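Chemist: Spelled out, the chains give:
Protein chains: 2
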Amino acid sequence: MTRHPKKLDFPVSQVRRYLEPGPIVLVSSAWQGKTDVMTLGWQTVMEFSPSLVGLMISAGNHSFELIRQSRECVINLPTTALTDIVVGVGNTSGADIDKFAHFGLAAEPASEVGAPLIAECHACFECRLHDDALVDTYNFFIFEVVKAHVAPSPKHPETLHYLGGGEFMVSGKIISRRSQFRPEML
Amino acid sequence: MTRHPKKLDFPVSQVRRYLEPGPIVLVSSAWQGKTDVMTLGWQTVMEFSPSLVGLMISAGNHSFELIRQSRECVINLPTTALTDIVVGVGNTSGADIDKFAHFGLAAEPASEVGAPLIAECHACFECRLHDDALVDTYNFFIFEVVKAHVAPSPKHPETLHYLGGGEFMVSGKIISRRSQFRPEML
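Residue numbers (the UniProt record's numbering), protein chains in the order written: chain B, 1 to 186; chain L, 1 to 186.
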């Protein structure tokens, strides 16, 4: 069994710490008693406060309707401990299987949204749809992170970054250039 | 002097290979005889074909008007060889200095756009504005990559991924799960 990292409240204005480096995420959703989870690599931070994140969610994905109807989701951050689950979730459809059951993922209740948290992930960001202006034209959803849960350890989790073609880059060493930053840029 | 990696044409539909892992990029621009370059970490791939990329470009940045007026830019991919330049470019303003001259960057002519390529970078993606629907509301630009130049070696360049607070994650090892992918997902 994969462990369930104990998570603490984290400031929503600082989720860029986990999303800006560009990791693959697992997006969970719920609507009318059904849940789903999808693997997603096309995401960007858009604002600190409100804490906005843009997600490209292909309309062909089973999660698309659950997210569009509920106007909510949870962005979950998996580490390399979940590599095979990340791949499995990305290569199956919630139209065919219950992904939480099939992959043995533990769904925990969120506090602000109906979509479940994935207990096995290092961090979980509860999101509410902020702007659907580009949903019909690009399948691009602008979400506000309304609640963030992050495991305090390890400080730098080993994340997965997708290259296409079945290959992932694993996050590497951390370097600091803090002394070269103007204070207002930190 | 930093070397100038020799770059070859690269299929624009495959730029996700370099952008989806979430690296910091240097965005170069030109308008009415002025050039600028900015450091940017808030980007996402949006479509394979046309090759669309979304960029959050803060209106407070000197590059913003050059990009908005010219409706063009080049997304340049720096490696760790350029770490201090990436930090310097991000902590200065084109309103005060000519960044190409100040940081000793070589501007090479692009083939499809007026913005210059940065010779020191591993890859350069020439972009034309595809949709400005969210520029006024979010400073979010949807660009089409119209020409891509990539150095064939190294195959996996050491890229920088920003965490905030002056810290970067450096790209690490590559792992493959290709055998677990359905063919149509590759």
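Some hints here could point you the wrong way.
[Unchecked claim] Listed below are the simulated DSBU-like cross-link pairs for lysine-lysine, each with C-alpha atoms no more than 35 angstroms apart in a straight line: (1) B/Lys173 to L/Lys6; (2) B/Lys155 to B/Lys34; (3) L/Lys147 to B/Lys34; (4) L/Lys173 to B/Lys147; (5) L/Lys7 to B/Lys173; (6) L/Lys34 to L/Lys147; (7) L/Lys7 to L/Lys34; (8) L/Lys6 to L/Lys155; (9) L/Lys173 to L/Lys155; (10) B/Lys173 to B/Lys34; (11) B/Lys155 to L/Lys34; (12) B/Lys147 to B/Lys173; (13) B/Lys155 to L/Lys155; (14) B/Lys7 to L/Lys173; (15) L/Lys6 to B/Lys6; (16) B/Lys34 to B/Lys7; (17) L/Lys147 to B/Lys155; (18) B/Lys173 to L/Lys147; (19) B/Lys147 to B/Lys34; (20) L/Lys34 to L/Lys6.
Think of the hints as simulated: they come from the structure by calculation, not from any bench. Remember, predicted model here, so these are calculated numbers, not experimental data.
Chemist: All hints, please: hold or fail.
Modeler: Results for each hint:
1. Among the hinted pairs, B/Lys173 with L/Lys6 is consistent with the structure: their alpha-carbon atoms are about 27 angstroms apart, no more than 35 angstroms.
2. Among the hinted pairs, B/Lys155 with B/Lys34 is consistent with the structure: their alpha-carbon atoms are about 34 angstroms apart, no more than 35 angstroms.
3. For the proposed pair L/Lys147 and B/Lys34, the alpha carbon gap of about 43 angstroms is over 35 angstroms, so the pair is violated.
4. For the hint pairing L/Lys173 with B/Lys147, the CA-to-CA distance comes to about 32 angstroms; that is within 35 angstroms, so the pair holds.
5. Of the pairs offered as hints, the one joining L/Lys7 and B/Lys173 holds, with about 27 angstroms between alpha carbons and a cut-off of 35 angstroms not exceeded.
6. Taking the CA atoms of L/Lys34 and L/Lys147, the gap is near 22 angstroms; set against the 35 angstroms cutoff, the hint holds.
7. Annotation: proposed proximity of L/Lys7 to L/Lys34 holds, straight-line Cα distance about 25 angstroms (limit 35 angstroms).
8. Taken as a hint, the L/Lys6 and L/Lys155 pair is honoured in the structure, with Cα atoms around 13 angstroms apart against an allowance of 35 angstroms.
9. Taken as a hint, the L/Lys173 and L/Lys155 pair is honoured in the structure, with Cα atoms around 12 angstroms apart against an allowance of 35 angstroms.
10. Distance hint between B/Lys173 and B/Lys34 is unfulfilled; the C-alpha atoms sit about 40 angstroms from each other, more than 35 angstroms.
11. The straight-line distance between the Cα atoms of B/Lys155 and L/Lys34 is roughly 42 angstroms, outside the 35 angstroms bound, and the hint therefore fails.
12. Between B/Lys147 and B/Lys173 the alpha-carbon distance is near 28 angstroms, which keeps this suggested pair within the 35 angstroms criterion.
13. Taking the CA atoms of B/Lys155 and L/Lys155, the gap is near 29 angstroms; set against the 35 angstroms cutoff, the hint holds.
14. A distance of roughly 27 angstroms separates the Cα atoms of B/Lys7 and L/Lys173; the hinted pair therefore holds under the 35 angstroms criterion.
15. Our distance criterion of 35 angstroms between C-alpha atoms is broken by L/Lys6 and B/Lys6, whose separation comes to about 48 angstroms.
16. For the suggested pair B/Lys34 and B/Lys7, the alpha carbons sit about 25 angstroms apart, so the restraint of at most 35 angstroms is met.
17. With a C-alpha separation of about 39 angstroms, the suggested pairing of L/Lys147 with B/Lys155 is violated against the 35 angstroms cut-off.
18. Taking the CA atoms of B/Lys173 and L/Lys147, the gap is near 32 angstroms; set against the 35 angstroms cutoff, the hint holds.
19. Simply put, B/Lys147 and B/Lys34 have alpha-carbon atoms about 22 angstroms apart, close enough for the 35 angstroms limit, and the pair holds.
20. Distance restraint check for L/Lys34 and L/Lys6: the Cα-Cα separation of roughly 26 angstroms lies within the 35 angstroms cut-off, and the hinted pair is therefore satisfied.
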